[in-house]
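Heads up: the protein sequence lines correspond to chains A and B, in order. So that you can map any letter, position 159 of the first sequence is 159 in our numbering, and since no number is skipped, the others follow by simple counting. So that you can map any letter, position 526 of the second sequence is 1003 in our numbering, and since no number is skipped, the others follow by simple counting.
A few of these clues could be false.
Pairs of lysine to aspartate or glutamate residues, derived as DMTMM-like cross-links and limited to a Cα-Cα distance of at most 25 Å, are as follows [as the list claims (entries may be wrong)]: (1) K198(A) / D716(B); (2) K662(B) / D627(B); (3) K198(A) / D510(B); (4) K88(A) / D689(B); (5) K205(A) / D530(B); (6) K407(A) / E601(B); (7) K657(B) / D411(A); (8) K750(B) / E636(B); (9) K205(A) / D510(B); (10) K205(A) / E582(B); (11) K688(B) / E656(B); (12) K205(A) / E601(B); (13) K713(B) / E193(A); (14) K198(A) / E675(B); (15) K713(B) / E196(A); (16) K610(B) / E193(A); (17) K662(B) / D725(B); (18) K318(A) / E582(B); (19) K314(A) / E582(B); (20) K318(A) / D561(B); (21) K714(B) / E675(B); (22) K205(A) / E614(B); (23) K198(A) / D693(B); (24) K320(A) / E675(B); (25) K657(B) / D645(B); (26) K514(B) / D411(A); (27) K442(A) / E582(B); (28) K457(A) / D693(B); (29) K855(B) / E904(B); (30) K316(A) / E582(B); (31) K198(A) / D645(B).
Label-pair restraints from in silico Cβ distances [as the list claims (entries may be wrong)]: (32) E503(B) / D323(A): 18 to 24 Å; (33) P89(A) / F745(B): 36 to 42 Å; (34) R500(B) / A449(A): 49 to 55 Å; (35) G289(A) / D694(B): 55 to 61 Å; (36) P583(B) / N415(A): 16 to 22 Å; (37) D83(A) / Q512(B): 18 to 24 Å; (38) E446(A) / E641(B): 25 to 31 Å.
It is worth saying that the hints were derived from the structure and are not from the lab. The structure presented is a predicted model; accordingly, all values stated were derived computationally and were not measured. No residue lacks a Cβ here, since even glycine has one placed at the ideal position from N, Cα and C.
In case you want the letters, here they are:
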Amino acid sequence: MSQEYRLILKNADQPGYTTDMDCYLRHGGYGALKKALALPVKDLPDGKKMTAQEQIREDVKASGLRGRGGAGFSCGLKWSFVDRKSGKPIYLICNADESEPGTFKDRQIIYKDPHQLVEGMIISCFANDVHLAYIYIRGEMPDGARILKKALADARAKNFLGKNILGSGYDLEIYVHRGAGAYICGEETGLIESLEGKRAYPRIKPPYFPAVLGLYMCPTIVNNVETLAAVKHIVTMGSAEYAKLGTPNNTGTRIVSVSGQVKKPGYFEVEVGKATIGELIFHEKFGGGLKDGRKLKAIIPGGSSSKVFKAGEKFKLKRKGADGQMTAVEVDMLDLPYDFDSLQQAGSMSGSGAIIVVDDSTDIVSVLANLSEFYAHESCGQCTPCREGSLWMNKALHRMSHGHGRKQDADYLLNIAQNIQGRTICAFGEACAWPVLSFVNKFKDEFVAKGAADEAKNHGGAGPTNEMKIAASPRAD
Amino acid sequence: MSTTETKPAPPPVEKIKIKVDGREIEVPKMTPDWQGKMQPTTMLQACALANQDVPHYCYHPKLPIAGNCRMCLVEFGTPMIGPDRQPVKNEDGTPKIAKSVLPYEPSTPRGAIACATPISPGMEIYPSSPATKQMREAVLESLLINHPLDCPICDQAGECKLQEYSVDYGKATSRFVEEKEHKPKQVDLGPRIMLDDERCILCSRCVRFSKDIAGDDALGFASRGSRNFLTNFPGKKFDNNYTLNTVDICPVGALTSKDFRFQMRVWFLKESKSVCTSCATGCNIVIGSRENKVYRYEPRENDAVNSSWMCDAGRLNYKWINSEFRLTQIKGPKTEWSLALRDIAETLRKAPLGSVAMVASARQTNEELYLLKKLATKLNALTDSVPRTGEGDKLLVNADKNPNSNGAKLIGIAPAQMGSNLPKIAEGIHSGSIKTLIVFGEDVTKCGISADLLGKLSTLIVSDILPNKTTEAAHYVLPGCAHAEKRGSFVNTKGRVQRFMQNTQPKGNARAEWEFLHELVYDVTGQNGFVSIEGLFNQMAKEVPAFQGVTWAALGDLGVTINL
Ligand SMILES: Cc1cc2nc3c(=O)[nH]c(=O)nc-3n(C[C@H](O)[C@H](O)[C@H](O)COP(=O)(O)O)c2cc1C
Ligand code: SF4
Ligand code: SF4
Ligand code: SF4
Ligand code: FES
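I would like the entire structure built from these sequences, with the hints used as guidance.
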């Protein structure tokens, strides 16, 4: 299906649509909240009763909603892990740190339709007996913070927030907290540390699973902006209707950010799995194809941390046939449905829903050097493999992209990256290792050729001299 | 009198079975954490019980767990659970083990940090497997790529974990061909601490110690990634009274003691177990010396007393031992030990009962005080010690600055109100009823017995180790020993009886007090029987009720608690 399905961004880009409360209310805003608060206790066949909160939680589970922040974890399942017996308050945090390179979807909601997020959050908080929630917004989005603060103030004025919300007896406060500009503040436990006023060093798990020992060591839910906005629609539509959107196990809609060397970079809301990567890049309703005369070289399918696809790569996907049997079908990378499961089966991930397109005019070593500079700069530096490995890879790639490569650098890089993934405190370890592992493995001939050419050009293969290394060192700041 | 802690019978310890390197062992399900709270036993603790030490940098048993160095990564597996939620069995009926692997790359083992991962029943840990070894090698390589390798000029050399693990997991050559990161090498963190940021492996032990043990949130990291560096907060000196402990726990040579740095190679130090004498807490220490010169004190772990720590003031209070002004010769009519002691004994024997008084020091050992008490009893002498108070804190430092006030009281040298007999002694000298005064280790001119009063005495016998107004006025000065130069025991503020060992030799002609007191007591009273410190202590324990049942041997390295 080569067209958008705008659910969350339905109004956002409509002419005349503003961030004002009145505008939101005119478009049916806060109807879902009213509906949620008014849900009657449900009698179950076995005689038990189900509270409004339990019904919403059940609905979110049944809707199949998967987290839009990166890992694609079931939202309903995440909520079910929350320790509700601890006697401690439960917190909810909206992760609005959106920093994964290539990703620019949460900000569309924040800047253009903030009340939708606020409403989704209030419902999610209500469903989880949360009375205090935070929106942690990335430091580089001061306007977004201002818009959200205004939206919260307006919601408070209408008693959608505060004490005894709309006479329901339910109290909730939401605060906006601005980060200071660090990618790692998007990692949920780093975010929590930062919110507590500390350095955003991610926590070790075990024991610090947010659902049990989160903010201030209390049970905490961390959800992405888009995930929370979707909750509003699940309540409005009902879980069954929501689950009809998208494809099985990959329900609902997703805002995909398409960037890089395409004619029309932009964001597109589509039903999950209903459009292929190829369509998202080439169709005129989406990315509009490559620039004239260029050929596709690579795609980073799910934000800069995801493993790259090489043009022409084929994957075996498990598909349920008409007879109900699972069969493996071969699929070209461009024909991969853009959903959670297919991309995972293809060895990568849909991550933050950001497709970055690389065409044949680009030196692949330089692309990776650029990415690795980001990770070397953003590693929080808490744990050894990522701290040392991210800068090591960056120094080697910088050296390579500045004409001082060696033939063995490809294996050197692979080995450094292997020693990071799976050995770190947080998933940043994978985030910095995966680009290197996938780029070098899939474009190995180019990396080796580059190294060989540099060696030949430099001094007959003796490797870089000290002066070359110093000249090639990336900036220190 | 009971001599050991009386605790209620411990509840039965719940055990679980795991395998370490294929060998099945039973380990307690719960183990005390850094605060002594029971927590699920970790892989690292379980491996230690199986005699498999897991290498680690950031983990310290007395600090909250950080899990940042990753040196303790181990390969492991857990019993496989089938779709029916039942354990899956091998053909021989043993449980099938699912080795932990990377979910996205099932051919690669995924380690767990042993320091923070709890064990579970049936778990298998492989601390010696090739995969575990590879993980350690990789972490070590990462730690070394930017390390300055200053070993030849680094104070930590010889007791450096980076060096130690390099022997086990390092390579002789480096494949790192990039430029190393450079960082500040001489950062003045505070009055006692110098930091070399290049050597720091960012393990955060010092940060956690300062914040969670010393209660001074003074240290932190700045910058990001590999360029992170340890620093103190702007304008705030790292100057609490416990800063030097960070030098001990720093696994590398990043934090150095301004006092000790560049003074002595650690492998030359002769070390012995001792006790700090600067307050009534009696922190357990190790004294390090070379060629009869003391170079440092370091804390020694004792959970009944000081955990693994000591205060800076106590640690640095050793310079007097090496003082050039130490008393090394007998001063008096006779200057040879046996003659002098006989001379003194004769004087004391002739003294009318009640005409002798004695000021002993609560910095003296139980054994010395016990001998002095024997003398005092024989002479019917009025005795006391000198109280010494200052500020205490919540962690270790006691307001009582004497290391053995309780010993002095229990043995009967000091009255319950220490110092309350001093005015009486002064009065006695003034009125002429006291003609002979014996002083050990105190300058009595500072506590109400002026030099003028001392001048009225017919005999003033003093033993000390440094000169003062009292030794100046003495007829006899017997040069004694610092605790580093002898053996003995103290009773700390909580009734812990702790012994300490000799490290250096007495200066010049000086002798350990208990040795010459033993002779003097024999000369005066005719009593004999204890020629060794062991015998002396055991004899005392029989005679002094509070010590009953305790023996020198039973004191061990960590001491024994008695009822006060
Ligand atoms: C290095 C790193 C950076 C992350 N950055 C973000 C981010 O900017 N925004 C976000 O929503 N999630 C981010 N995540 C994922 C969060 O940790 C968390 O899984 C997510 O907020 C959960 O929300 P969801 O379940 O609704 O997806 C990041 C994770 C990692 C490891
Ligand atoms: S993996 Fe990287 S970002 Fe995550 S805690 Fe370790 S050093 Fe920090
Ligand atoms: S100074 Fe030492 S203790 Fe502190 S973080 Fe660095 S290596 Fe660890
Ligand atoms: S607390 Fe007392 S005994 Fe311990 S080190 Fe300090 S002065 Fe010495
Ligand atoms: S000892 Fe450092 S991570 Fe376990």
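Here is what the structure says about each hint:
For a cut-off of 25 Å, the pair hint linking K198(A) to D716(B) stands: about 22 Å separates their Cα positions. Under the criterion of a C-alpha separation no larger than 25 Å, the hint pairing K662(B) with D627(B) is consistent with the structure, at around 11 Å. Taking the CA atoms of K198(A) and D510(B), the gap is near 24 Å; set against the 25 Å cutoff, the hint holds. Distance hint between K88(A) and D689(B) is fulfilled; the C-alpha atoms sit about 23 Å from each other, no more than 25 Å.
The straight-line distance between the Cα atoms of K205(A) and D530(B) is roughly 23 Å, inside the 25 Å bound, and the hint therefore holds. Note on K407(A) and E601(B): the hinted pairing is violated, with a Cα-Cα distance of about 41 Å set against a maximum of 25 Å. Under the criterion of a C-alpha separation no larger than 25 Å, the hint pairing K657(B) with D411(A) is consistent with the structure, at around 20 Å. A hinted pair counts as satisfied when its Cα atoms are at most 25 Å apart, and K750(B) with E636(B) qualifies at roughly 18 Å.
With a C-alpha separation of about 17 Å, the suggested pair K205(A) and D510(B) falls inside the 25 Å cut-off, and the hint holds. Annotation: proposed proximity of K205(A) to E582(B) holds, straight-line Cα distance about 20 Å (limit 25 Å). Among the hinted pairs, K688(B) with E656(B) is inconsistent with the structure: their alpha-carbon atoms are about 34 Å apart, more than 25 Å. As the CA atoms of K205(A) and E601(B) are separated by approximately 20 Å, the hinted pair is consistent with the 25 Å bound.
For a cut-off of 25 Å, the pair hint linking K713(B) to E193(A) stands: about 23 Å separates their Cα positions. For a cut-off of 25 Å, the pair hint linking K198(A) to E675(B) stands: about 24 Å separates their Cα positions. Between K713(B) and E196(A) the CA atoms are separated by roughly 22 Å; this keeps the pair inside 25 Å, and the hint holds. Using a Cα cut-off of 25 Å, the hinted pair K610(B) and E193(A) is violated, with the two alpha carbons roughly 32 Å apart.
For the given pair, K662(B) sits about 19 Å from D725(B) by alpha-carbon distance, which is consistent with the 25 Å threshold. A threshold of 25 Å between alpha carbons decides the hint, and for K318(A) with E582(B) the separation of about 18 Å falls inside it, so the pair holds. Under the criterion of a C-alpha separation no larger than 25 Å, the hint pairing K314(A) with E582(B) is consistent with the structure, at around 19 Å. Of the supplied pair hints, the one linking K318(A) and D561(B) holds, its CA atoms being roughly 24 Å apart against a limit of 25 Å.
Of the pairs offered as hints, the one joining K714(B) and E675(B) holds, with about 20 Å between alpha carbons and a cut-off of 25 Å not exceeded. At most 25 Å may separate the alpha-carbon atoms for a hinted pair to count; K205(A) and E614(B) meet this at roughly 23 Å. With a C-alpha separation of about 15 Å, the suggested pairing of K198(A) with D693(B) holds against the 25 Å cut-off. Taking the CA atoms of K320(A) and E675(B), the gap is near 57 Å; set against the 25 Å cutoff, the hint is violated.
About 23 Å separates the Cα atoms of K657(B) and D645(B), which keeps this hinted pair within 25 Å; it holds. With a C-alpha separation of about 47 Å, the suggested pair K514(B) and D411(A) falls outside the 25 Å cut-off, and the hint is violated. Of the supplied pair hints, the one linking K442(A) and E582(B) holds, its CA atoms being roughly 16 Å apart against a limit of 25 Å. Proposed proximity of K457(A) and D693(B) is contradicted: the alpha carbons are some 57 Å apart, above 25 Å.
A C-alpha spacing of about 22 Å is found between K855(B) and E904(B), which places the hinted pair at or below 25 Å, so the restraint holds. Under the criterion of a C-alpha separation no larger than 25 Å, the hint pairing K316(A) with E582(B) is consistent with the structure, at around 16 Å. Between K198(A) and D645(B), the direct Cα distance comes to roughly 36 Å. Violation of the 25 Å bound is thereby established for this hinted pair. With their beta carbons about 53 Å apart, E503(B) and D323(A) fall outside the hinted range of 18 to 24 Å.
As the Cβ distance of P89(A) to F745(B) is approximately 58 Å, the hint placing it in 36 to 42 Å is violated. A C-beta distance of roughly 51 Å is found between R500(B) and A449(A), which places it inside the suggested range of 49 to 55 Å. About 56 Å separates the C-beta atoms of G289(A) and D694(B), a value consistent with the hinted range of 55 to 61 Å. As the Cβ distance of P583(B) to N415(A) is approximately 20 Å, the hint placing it in 16 to 22 Å holds.
Separation of D83(A) from Q512(B) is about 22 Å and conforms to the stated range, judged on CB atoms against 18 to 24 Å. A beta carbon spacing of about 42 Å between E446(A) and E641(B) contradicts the range 25 to 31 Å that was offered as a hint.
Hints 6, 11, 16, 24, 26, 28, 31, 32, 33 and 38, counting from the list given before, are not met by this structure.
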